[in-house]
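When you get a sec, could you build the whole thing from the sequences and use the hints?
If you use the numbering used here, the sequence shown corresponds to residues 10 to 119, in order.
Heads up, some of the hints might be wrong.
Here are the simulated PhoX-like pairs of lysine-lysine, each with C-alpha atoms no more than 20 Å apart in a straight line [said to hold, decoys possible]:
1. K49 <-> K20
2. K83 <-> K20
3. K83 <-> K71
Hints in this document: simulated from the structure, not taken from any laboratory. It should be emphasised that the depicted structure is a prediction, and the values quoted were computed from it without experimental measurement.
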Amino acid sequence: MLGKGRLEREKQTVQKMIKIYCDHHHGQSYESSPKEPLCKQCQELYGYAMERLSRCTFGADKPTCGNCTVHCYKRNRREEIIAVMRYAGPRMIRHHPVLAIQHLIDGRKK
10 MLGKGRLERE
20 KQTVQKMIKI
30 YCDHHHGQSY
40 ESSPKEPLCK
50 QCQELYGYAM
60 ERLSRCTFGA
70 DKPTCGNCTV
80 HCYKRNRREE
90 IIAVMRYAGP
100 RMIRHHPVLA
110 IQHLIDGRKK
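In structure tokens:
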């Protein structure tokens, strides 16, 4: 069952993944711009992702995105988030190991 803690952790995981992607692809970093840690494009994607998570039709039984059968993202946004996840996913273990391991465990649960 997806508790509030897990949903918040999933939101945090997506946020960290977008940050890793943005830092490496768009040159945006917290050090260079602490008030705007993401570029405009990534800020928009982050807002969209948070909206999608908040409106998930599965509610408390939400699977991880990789195991989901519903495509809730618009096509262009889905392509963007897939690119982010493909790039940032393998790097999460180095940057945010606890979140990465928790996400892997969540993905194994049915």
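Hint check:
no.: 1; hint: K49 <-> K20; verdict: 19 Å, holds
no.: 2; hint: K83 <-> K20; verdict: 18 Å, holds
no.: 3; hint: K83 <-> K71; verdict: 18 Å, holds
In this structure, every one of the numbered hints holds.
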